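J.: Each chain is listed here by its residues.
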Amino acid sequence: MNSAPSSWTLRRKPSFAKDLKRLAKDLYKSDRQRQDFLRFVVSFVEVLERCGPSCPQLDARVMTGVPAPEGCKLYKFYLRPPETRGASGEMRVLALVNEADRTIELLMAYTHADYPKQPHPEEILQRIEEG
Amino acid sequence: MGTVVALKSAEVRTLGEVAWSLPSARLRELTSYARELRREVEERWEELPSDSRKALEDLARSWEDRSLPRDLFGKVRAFWEGLKLSLALARGQITREDLGEFLHEVSLLSRRVMDRLEEEDPAFQEALRKALAEESLPLSKDELRALILDP
Chain A
0 MNSAPSSWTL RRKPSFAKDL KRLAKDLYKS DRQRQDFLRF VVSFVEVLER CGPSCPQLDA
60 RVMTGVPAPE GCKLYKFYLR PPETRGASGE MRVLALVNEA DRTIELLMAY THADYPKQPH
120 PEEILQRIEE G
Chain B
0 MGTVVALKSA EVRTLGEVAW SLPSARLREL TSYARELRRE VEERWEELPS DSRKALEDLA
60 RSWEDRSLPR DLFGKVRAFW EGLKLSLALA RGQITREDLG EFLHEVSLLS RRVMDRLEEE
120 DPAFQEALRK ALAEESLPLS KDELRALILD P
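Protein sequence lines correspond, in order, to chains A and B.
The first sequence begins at 0 in numbering that gives the first Met the number 0 and counts up by one.
The second sequence begins at 0 in numbering that gives the first Met the number 0 and counts up by one.
Calculated directly from the structure, the hints in this document are not laboratory data.
Mixed in with the good hints, there may be bad ones.
To be verified - When the alpha-carbon atoms are kept at most 20 Å apart in a straight line, the in silico EDC-like pairs for lysine to aspartate or glutamate are as follows:
| hint | chain 1 | residue 1 | chain 2 | residue 2 |
| --- | --- | --- | --- | --- |
| 1 | A | 20 | B | 45 |
| 2 | B | 53 | B | 104 |
| 3 | B | 140 | A | 35 |
| 4 | A | 28 | B | 149 |
| 5 | A | 72 | B | 134 |
| 6 | A | 72 | B | 118 |
| 7 | A | 75 | B | 149 |
| 8 | B | 129 | B | 119 |
| 9 | A | 72 | B | 41 |
| 10 | A | 20 | A | 35 |
Claimed, not checked - Reference listing, derived: stretches of chain A covered by chain B, where coverage requires no fewer than 3 residues with Cβ under 8 Å from a Cβ of chain B:
| hint | stretch |
| --- | --- |
| 11 | 13–27 |
| 12 | 34–43 |
| 13 | 61–73 |
Bear in mind the structure is a predicted one, so any value in this text is a computation, not a measurement.
From the three backbone atoms N, C-alpha and C, an ideal C-beta is built for every residue, glycine too.
Work the whole structure out from these sequences, hints included.
T.: This is how it looks when you write it as structure tokens:
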């Protein structure tokens with residue numbers, strides 16, 4: 000981000016930009032809603048930039064089940080965007096954090112409507128039959 | 000493995016039922032059980048029996064999908080459950096603290112289960128692999144604005 004002074008440098012992967020565009024389109028229908036979503040995302044990014052990934056204002060954890068590149072940690076941020084319900088309201092942002100360089104690369108943004116996928120309808124039926 | 004053996008699908012399902020109709024002592028038991036389950040999910044997810052994993056998945060998904068119902072029947076039911084909860088709190092059958100602890104623990108448990116399911120999802124793994132391989136670019140507020148306001 001351009002605002003100074005900055006404690007952490009934020010960058011983003013093309014996947015993150017694509018995800019954000021898709022989420023804005025899928026989650027919100029009106030311009031007013033998208034404006035609220037923009038404020039929400041900017042606020043998240045500003046906190047990250049100012050305080051880093053371990054900021055108490057953020058709900059985050061280091062992902063241990065997925066290997067990260069050497070010298071980096073993979074962080075998952077748990078977010079609740081405005082005016083969302085259910086699985087689509089459980090938004091996650093993944094970021095690669097290099098604490099030595101104080102850089103954060105935003106990798107992906109998604110909701111639980113994207114991952115993990117709901118079981119296939121046949122599997123749900125099978126589960127019902129199994130009791 | 001002691002705790003793993005003790006996991007029962009039916010008990011996991013109890014966590015997702017209307018626990019606020021239970022007295023505080025039972026609620027505290029369930030809170031403690033949810034905490035143990037979370038540790039199992041964090042440390043030994045792969046070792047859990049498949050029926051326990053399915054029960055945990057069902058719990059997590061139903062917990063995540065909770066929201067005010069839109070249909071009349073659902074609204075009436077939610078009102079009734081809310082009324083029962085208010086009465087139980089007013090009568091001192093359950094305390095706000097115990098209820099708060101319970102809800103917090105079940106939320107954490109559901110989150111851990113969803114984290115595990117996500118990590119196992121091949122589509123997620125592929126998307127993450129692709130994102131990690133990409134070149135990163137600077138991030139600006141103007142770009143965020145364009146991405147979100149002109150989707």
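J.: Confirm or reject each hint.
T.: Hints and how they fare:
Of the supplied pair hints, the one linking residue 20 of chain A and residue 45 of chain B is violated, its CA atoms being roughly 35 Å apart against a limit of 20 Å. Distance hint between residue 53 of chain B and residue 104 of chain B is fulfilled; the C-alpha atoms sit about 19 Å from each other, no more than 20 Å. This hinted pair checks out: residue 140 of chain B and residue 35 of chain A have alpha carbons roughly 14 Å apart, not beyond 20 Å. Our distance criterion of 20 Å between C-alpha atoms is met by residue 28 of chain A and residue 149 of chain B, whose separation comes to about 12 Å.
Restraint check for residue 72 of chain A and residue 134 of chain B: the C-alpha separation of about 17 Å stays at or below 20 Å, so the hint holds. Between residue 72 of chain A and residue 118 of chain B, the direct Cα distance comes to roughly 16 Å. Compliance with the 20 Å bound is thereby established for this hinted pair. With a CA separation close to 26 Å, the supplied pair residue 75 of chain A and residue 149 of chain B exceeds the 20 Å bound. Proximity of residue 129 of chain B to residue 119 of chain B is assessed by CA-CA distance (about 16 Å); at most 20 Å being required, the pair is judged to hold.
Taking the CA atoms of residue 72 of chain A and residue 41 of chain B, the gap is about 18 Å. The hint holds against a cut of 20 Å. Proposed proximity of residue 20 of chain A and residue 35 of chain A is supported: the alpha carbons are some 14 Å apart, at most 20 Å. Counting residues of the stretch 13–27 of chain A whose beta-carbon sits less than 8 Å from any beta-carbon of chain B gives 9, enough to reach three: the coverage restraint holds. Given as covered by chain B, the stretch 34–43 of chain A passes the check, having 5 residues with a CB less than 8 Å from a CB of that chain where 3 are the minimum.
Counting residues of the stretch 61–73 of chain A whose beta carbon lies closer than 8 Å to any beta carbon of chain B gives 4, which reaches the threshold of three, so the coverage claim holds.
In summary, the numbered hints that this structure violates are 1 and 7.
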